[in-house]
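Visitor: So the chains spell out like this:
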Amino acid sequence: MNWGSWLIWGFAATVVLTALAAGSQGLGLTRMNLPYLLGTMFTPDRDRAKVIGFMIHLVNGWIFSLIYAAAFETLGEATWWFGALIGLVHAGFVLTAGMPALPGMHPRMAGEQRGPTVVRQLEPPGFLGLHYGPRTPLSIVLAHLVFGVILGMFYTPA
Amino acid sequence: MSNPYSPIADYGLIGDGRSAALVSRSGSIDWLCWPRFDSPSLFAALLDPEQGGRWSIAPSGPFRAERRYLDDTNVLETRFHTAGGELVLTDFMPADSEAGKRRRLLPENEILRRVECVSGEEEVEIIFAPRPDYGRRRFTLRDHGPFGLRLDMGSRLLALQGEESLRLLDDGRAAARIRLSPGRKLHFSLTWHEQGPAAYSPLGPAAGESLERTVRWWRGWMAGLSYRGPYGAEVARSALALKLMVYAPSGAVIAAPTTSLPERIGGDLNWDYRYCWLRDASLTVRALEGLGFREDAEAFAAWLLHATRLTLPELKVLYDVYGRDPGPERELDHWRGYHDSRPVRRGNAAYHQLQLDVYGEVIDAVTRVVRRDGKLDGETQTLLRGLGRYVCRHWREPDHGIWEPRDEPKHYTHSRVLCWTALDRLLELHRRGALEKIPVDLYREHAAAIREEVETRGWNSRLQSYTQTLDGEAMDSALLLFPYYGFTEAASPRMQATGRRVRERLHAGPGLLHRYEHSREVQEGAFGISGFWAVDFLARGGGSSEEARAAFERQLAYANDLGLYGEEVDPGTGAALGNFPQAFTHVGLINAALSLERREQESADSTGRRRERVEA
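As they're listed, the protein sequences go chains A and B.
For the first sequence, the positions run 1 to 158 when our numbering is used.
For the second sequence, the positions run 1001 to 1616 when our numbering is used.
Source of the hints: derived by calculation from the structure; they are not laboratory data.
One or more of the hints may lead you astray.
Said to hold, decoys possible - Some chain A residues judged to face chain B by a derived CB distance under 10 Å, without partners named:
| # | residue |
| --- | --- |
| 1 | P100 |
| 2 | R114 |
| 3 | R120 |
| 4 | L128 |
| 5 | Y132 |
Just so it is clear, CB atoms sit at the ideal spot from N, CA and C, and this is done for glycine as well.
Chain A with its partners taken away, still in its complex shape (with noise of 0.2 Å):
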């Protein structure tokens, strides 16, 4: 493993992720808000919960970043496809199987047929997250994509 490559890489592939993710929300693609929603899980602070959930997503997206330098090892080589194909799979793991469990680990999302409460205000996000917009599963296989994409095409693997 090459963890300099990655710790570099892993981080800048993270911050294009997130601008992604923050430039199709404030495009008007989604509503799909990922620093919000991890940060309300620990306050129901909006403004805090913000900055608490960017640093969470920046690890997040650190830790991820390694799975993909690990298969880019495993392959011996890190090319734009095999990142692009990682980040497909990453995506369609995400909206398939992460959103529907949100509602499970969120302590403040609604579930699907309680409804919101006093407590569980948040809206779920729905199958593929489409409750967040028609255009949330794009953006977020958009910026997968690019995600795998920049690792593919920088990662040196050792």
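Chain A is fixed; fit chain B onto it per the hints.
Guide: Coordinates of chain B only, in the frame set by chain A:
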């Protein structure tokens, strides 16, 4: 067919410092723009009863309605009296303290409505017909079970939750008829989400707690009111109305929360007022500060200086709440307009006009804040010097003046006086030690030259009055402001004569004044703030305090039952005209009351001193 429009004065206003909604006497929200004052509308039945969209909650049968705001709040209560009983509708946009916001997950925007049956078995009818994006685009309202009705607009979401379900109708609306027994309450929460996943507001007892927090928040803000003068209730209501037009995140004050309510029914004098006019700056800061709301006054003055940086040293006539160009003026052709007053406009082309009076307004506003704090940072000093240079270079030019008519620029006397005000206040700031490195002699020379020009060419000796334009003949109610800016004394012979001439030429009815002579030609209403300027002029020495009080009381007749004023008044009927409610008119009321309070205080002090001398 019955008239589908409510009178303008039939509306009450609720808001949250970011947006506002107009609620009719019959319980219908007929105007709402989210997430900001100048966002596209969601409900606009005010401007087009068929296509605009509304959300009404009212008894299904005939009723008589009474309204009030809960004391010292902007929580609106409408009481419906029917043949068989009584229903109370409470409308508000929730407000919470900063500490509360840290403890609770809150929607980005919300309206909470509570309907309660007080007596009798009552049937309430609810109609929910949102028409987003000024009604230009159609979105489908869907029922999402426990998450209520949702209007998904891509990344934006409008959600309605209630303790009773509404049925989706074929025409895209949702409706319900619900029987309520005495003591039963129903809550409905309408929320807007675009910055992240929706955070729904809990109903039931939690909605009641939200109402309590909102009442507490407004009363906490009103605890800062230091005014103890005459007409306290009316002044307090004006302060609350003004606060509803403050955009809290930036401190900007919008002119009104509506667009295109006509200045002449059926006419084309229909403008978008959901922006911030620099023209209102000094008067607004004086109103806020005079009442004791120093933080609001400082926030607005800070907005004036910082939000206008993109165009400095040139100041535009108006900006959006973040100091940006509001964008081109467009006509919304698909709407009928209020009583067929077309066109309905969004955006305001006055942005591109030259109004030299705004320099005096802004600098005077800053001076009012500095008089208390006494400090200006280096950057602000540089900015003010830039404004001073601009005034020295441009004060001789014609402009569009305070009323921004859409014709050729003219040499307005009021604009000249405000240029004098700009230089005079910069010199004052220098004397106070707040502003360094200004060309004192140059400013004095220009100020003297402006005064000379106003006293020669701005004074018409045949009419024995100052005039609207240099070498002109026409009257303008803004001439009454010269004593306010310290250009001359209200008791001076010239101002006394001008006051008489303004009242004679611009008289529109009991206590009413047109803003200028052109108003009669275009058949617009009497101008709300002009009537209060007349009061202010009398209170400053243009008349006796009794005359000022009598004039003030005449103005009170033109408020609606909630104490709200529009931009103009129909001289024939006394009905409100123009955008509603109008911050400028409420600012006029507050400033007139402050001047009256000072006048009466001074009279009381001098009477006291005389008595002491006699007793001694």
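Visitor: It remains to establish, for every hint, whether it holds in the given structure.
Guide: Results of checking the hints against the structure:
1. P100: At about 14 Å, which exceeds the 10 Å cut-off, the nearest Cβ of chain B leaves the hint on A:P100 violated.
2. R114: At about 6 Å, which falls below the 10 Å cut-off, the nearest Cβ of chain B leaves the hint on A:R114 intact, so it holds.
3. R120: holds, 9 Å
4. L128: violated, 14 Å
5. Y132: It holds, given that the least Cβ distance between A:Y132 and chain B is near 6 Å, below 10 Å.
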